[in-house]
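Given the coordinates of chain A, work out where chain B with the ligands should sit on it, guided by the hints.
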Amino acid sequence: MLELKDLKVEVSGKEILHGVNLKINDAETHVLFGPNGAGKTTLLMAIMGFPEYKITGGSILFNGEDITDLPLHERARKGIGMSFQRPPTIKGVKTHQVIELSARNGISIDEAAKELNLGHLLNRDVNDGFSGGEIKRSELAQLMAQQPSFVLLDEPESGVDLENISLLGGAINKLLQKDMKRQRVNSGLIITHTGYILDYVDADVGHLLIEGIVPCAGNPREMLHHIKENGYEVCAICPTNC
Amino acid sequence: MSHKLLDDLTERAKLAINKKAAFGEDIDLTKYLKPSNKHDYVEDLEKLSDEEKERLIAVGVDTKAEQRSGSFVQHDTKVSHRRSTQEGVEVMGTGEALEKYDWLQDYWWKAVAVDQDKYTAHVELHQNDGYFIRTLPGVKTVYPLQACLYLREESTAQNVHNIIIAEEGSELHIITGCTTGPHVKEGIHLGVSEFYVKKGAKVSFTMIHGWNENVAVRPRTGVFIEEDGIFLSNYILLKRAHSLQMYPNAYMVGKNSTARFNTIIAVPEGSHVDSGARTYLRAPGAKAEIISRTISTGGTVISRGHMIGEVPGVKSHMECNGLILSETGIVSAVPELEGHVADVEMSHEAAVGKIAKEEIEYLMARGLSEDEAKSTIIRGFLDVSIMGLPPHLEAAIKKTVETSQKGFM
Ligand SMILES: Nc1ncnc2c1ncn2[C@@H]1O[C@H](COP(=O)(O)OP(=O)(O)OP(=O)(O)O)[C@@H](O)[C@H]1O
Ligand SMILES: [Mg+2]
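Going line by line, the protein sequences match chains A and B.
Numbering follows my numbering, with no gaps: position 51 of the first sequence is 51.
All you need for my numbering is the position in the second sequence, starting with 1, plus 1000.
One thing to keep in mind: the hints can contain errors.
As the list claims (entries may be wrong) - Computed list of lysine-lysine pairs in DSS-like fashion (alpha-carbon distance at most 27 Å, straight line):
| # | chain 1 | residue 1 | chain 2 | residue 2 |
| --- | --- | --- | --- | --- |
| 1 | B | LYS1354 | A | LYS91 |
| 2 | A | LYS78 | B | LYS1357 |
| 3 | B | LYS1399 | A | LYS94 |
| 4 | B | LYS1287 | B | LYS1255 |
| 5 | B | LYS1354 | A | LYS54 |
| 6 | B | LYS1031 | B | LYS1185 |
Since the hints were derived computationally from the structure, they do not count as laboratory data.
For reference, chain A alone in the conformation it holds in the complex (with noise of 0.2 Å):
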C-alpha cells in the first residue's frame, strides 16, 4: 500500500526527518510511537502532501506509483486520508458541509454523523469551538465520509474520554475494514503516545520515531511496554540491536 524510500523531510527551512524507510502493506495496521517534537506529525502531514513539509530527498510510495511531487488533493483522491492532531478553524463552513464535500461514493452522511455522536455539531462552524474530544469525532466523520484505503491517524484519542475512544475505536475499525478478513484492503498508520486506542483497534506493527528517523519495527503492544518501563531510550536496550 506505502513505502518510504529514505524520506527526507524539512519544515521551514530545517530538516526534521533525516531519511524514513517504512513500508506498510495492504489491510496492515501501524503504529508510530516517539516522544514529543520528534517528529510524528511532520511524517504524516508529509506523506499526506502538505506543501510546507517539503520533501528534500527520498520518496514516497502509493499502490506502486511514485507521489511523491502528488499535491495534496490528488493524493486524498487516491485514497489517502488523515485526521488532524489540531485542524483548523474554518468560519462559516459549517461541520456537515465538511463532512459532505468530503464524501466520495455517495455514503450517507447520517450514518457518519450517527456513528460518532455528532449530531449537535453538524450544524456549527466546523471545528469553532469544539471540545478537544469533539474534534476528533469530527475528523472521523469526515474520514468516514471521504472512505479513504489509507488513513493516517494523528493522536485519535488524545484527549478522549473513555467512552468516546470506544466510540472512535469503534469508527476506525470501520475504516480499517476490521470486520472483513480476506478481502481487507485498508490500512493505517496510527500515531498514539498513551496506546489506549490499541485496546480498541487491532495494531499490526509499531515502530519508533527518534531524532528523525524510523529505526525499527516490532510488535506495537511489547514496543509500548518497553517504552512504558524505559522511555524512549529503549533503542539503546532494544534486543533486535538494529
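Frame of chain A; chain B with the ligands shown alone:
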C-alpha cells in the same frame, strides 16, 4: 409641525450646510441636479419596466409583493408606490405622515442630529419624502415589509428622511433595497433613517444596496431602543459603490435592550466603502453585537465599530473579519471599545488578510481542489445565516448573494 420647530431646524441645518463629516470623502453637493420628477404613481409594481424590475429584484424587492406585508417605492424624490396589506401596519411617505400625525414632530430629527454634518443638513433643506413605517402596539408583521429607494435620473441627488416606529410589543421586519437605474452613472443618495423600537418591540432591518459606477452614498441612521426592545440590522453590499460612508448610532436606553449589526460588504476595484456601527449601552442588561465580514477584490473597505458601555451590567462583542482577494485591495478594521464603569463585559476580535492557507489545505486534504476549497471558504465567509432572518427571506437573500458572488470569484 410647529413653525417654531421648523424654523429652528432650518436654522441649524443652514449653519451646518458646509460641515464636513467625520469620515469619508467630502462630497460637493452643489454639483448634483434637481430631478425633474416626471414619474407616475404605480399601483402595481409588476407594471414597472422589465429593466427596472430587474434592478429592484436584485436588491431583494419582490415586485409581485406576494410574501410581503407592505411595499414602498420612491423614484428619485417622489413616492411612486405605497401599500400596506396588513392591519396595524402603516406605510406611507414621510411627507404624508407629517400631515397626518402632529405627534410625528416628536420623532423628527430626534435619533439623528439635523446638524450632524452637511449631508443631514442637506436632507433637511431639500427633503423629498422617504418612508414612514409603523407597527401599532402588539402587531406583528406576518411577512416582511419592503421598501425601495430608486435613483432614476442621471446626476441627481436623492434626499430622503425615513421614520420607522415599532410600537410597544410589536414586531416589524423590513427589507430595504436601494439602487439606481441601469443607465445612471452619477448621483448621490442621502438617506436619514430614524428608528424607534419601543418597549418589548422587535425590529429587523435588512438593507441591500446595489449602486452604479459613480454613485455616492451617505446614509445617516439613529436608533432608539427601549426596555426589552430588539433591533437587528443587516447590511449587504456586494456591488461597486464609488463612495459610501455610514456610521449608524444605536442608543440602547431601555433595560435589557439588544442591538445587533451584521454587515457583509464586498468591494471591487473602484469602490470605497467606510462603514460601521456605534452602540451606546445606556441601561443595565443591554447587549450589543457587531459582526462584519468584508472582502476586497481591489477596492477599499474600512469597517468600524465603536461600543460604549456607560452603565454597569452591559455586554458587547464585536467581530471584524476581512479578506483580501487581490493584490491591490485594502481592508481595514477599526474596532473600538469604551467602558465608562468597571462592571462591563466588552470584547472584540479582528482579523484581516488573505484566506488562511491552513484552511484551504485542510479542505484539500479532503479531496477538494484549491479553487473549490477557496470558494467554499468565501461562500462560508459570506454566509447570511448569521443574520437570523425569517427562512424565506434568508433563502431569497442567499440567492442574491450567490448571484453577485459569481461576479467576483
Ligand atoms: N510549521 C512548522 N514550523 C516550524 N517548526 C515546525 C513546524 N512543524 C513542525 N515543526 C517542528 O518540527 C519538529 C517536529 O514536530 P512534530 O509536530 O512533527 O512533532 P511530533 O512528533 O508530532 O510531536 P508531538 O508528540 O508533540 O505531537 C518540532 O521541533 C516542531 O517544532
Ligand atoms: Mg504531533
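Hint check:
1. B:LYS1354 to A:LYS91: holds (14 Å)
2. A:LYS78 to B:LYS1357: Judged against 27 Å, a Cα distance of about 22 Å means the pair holds.
3. B:LYS1399 to A:LYS94: holds (18 Å)
4. B:LYS1287 to B:LYS1255: Given that 27 Å is the threshold and the Cα spacing comes to 10 Å, the pair holds.
5. B:LYS1354 to A:LYS54: Cα-Cα ~22 Å, so holds.
6. B:LYS1031 to B:LYS1185: holds (14 Å)
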